[in-house]
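Q: Sequence:
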Amino acid sequence: MMPERERLSNTLFCVAPLRSPEGISAVKDLISLLKNSCRVAYQPLLRPLRSKCSVPHRGVERCSVPHCGAERCPVPHCGVELERMHIDRRWRHVFECSLAYHKGEHKLVDFCFICNNPVAGQKAWEIHCQGHVARHELPLRCDFVKFRRAIACAGRCMTCMHDTRLPATRRLYGFKKQASWEKHVNECFLFHVNNLGKTDMIPCLDPECFIAYESD
1 MMPERERLSN
11 TLFCVAPLRS
21 PEGISAVKDL
31 ISLLKNSCRV
41 AYQPLLRPLR
51 SKCSVPHRGV
61 ERCSVPHCGA
71 ERCPVPHCGV
81 ELERMHIDRR
91 WRHVFECSLA
101 YHKGEHKLVD
111 FCFICNNPVA
121 GQKAWEIHCQ
131 GHVARHELPL
141 RCDFVKFRRA
151 IACAGRCMTC
161 MHDTRLPATR
171 RLYGFKKQAS
181 WEKHVNECFL
191 FHVNNLGKTD
201 MIPCLDPECF
211 IAYESD
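The opening position of the sequence shown corresponds to residue 1 in the numbering used here, with each subsequent residue numbered one higher.
Treat the hints as calculated values from the structure; they're not laboratory data. Note that the coordinates shown come from a computational prediction; the quantities given were computed from them, not determined experimentally. No incorrect hints appear here.
Pair by pair, the computed Cβ-Cβ distance ranges are:
#	residue 1	residue 2	range
1	R39	N116	16 to 26 angstroms
2	A124	T164	14 to 24 angstroms
3	A212	R50	50 to 60 angstroms
Here are the simulated DSS-like cross-link-like pairs (lysine-lysine), alpha carbons at most 30 angstroms apart as the crow flies:
#	residue 1	residue 2
4	K103	K146
5	K107	K183
6	K146	K123
7	K183	K146
8	K183	K103
9	K123	K176
10	K177	K146
11	K146	K176
12	K177	K123
Note that CB positions come from ideal geometry on N, CA and C, so glycine has one too.
Taking the hints into account, I'd like the entire structure generated from these sequences.
A: Printed below as a string of structure tokens:
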């Protein structure tokens, strides 16, 4: 959602001089984050468009023309002025508006929070999810995350995600409400533990992890 943060997650841990390309990139990204006063975060595809003013500003810092530079919904045929909405509704409007636009005549449309793109059609969605699974692009974190009033990461079930018997769409299903995510995760993991039978140790669900936890 914020490329500066993504780059900093790598550059801040680089062992390099401050004047190196990595050091310069880190400083620029830190300054950009410091100056960023945005109160709502958006995925790249969902970022609002800004209205263009028909009157030349001529060096004036603040234009007196109403709605000059106003943020508008980027979805074609919408363009609603987002600043007229309550701040808590802005991301949700763009998200739902984008899904409705891409759905078209398809019965299903979903948003991939791994690559931040909408996918329309049941078959296309299954193929899309299979691609992430085949490339081992499974999320490292499964918790539901909201950042600046936007869903940054949909909640996922660790138990389902590593169950190879399930279809890819089920394994990568993203919960968009924290309450429903927590309910499913608790019930699904408890069912998994009960199926293990009597055991003192519970292995991690990730097949690449060899850590086991004591069972209470």
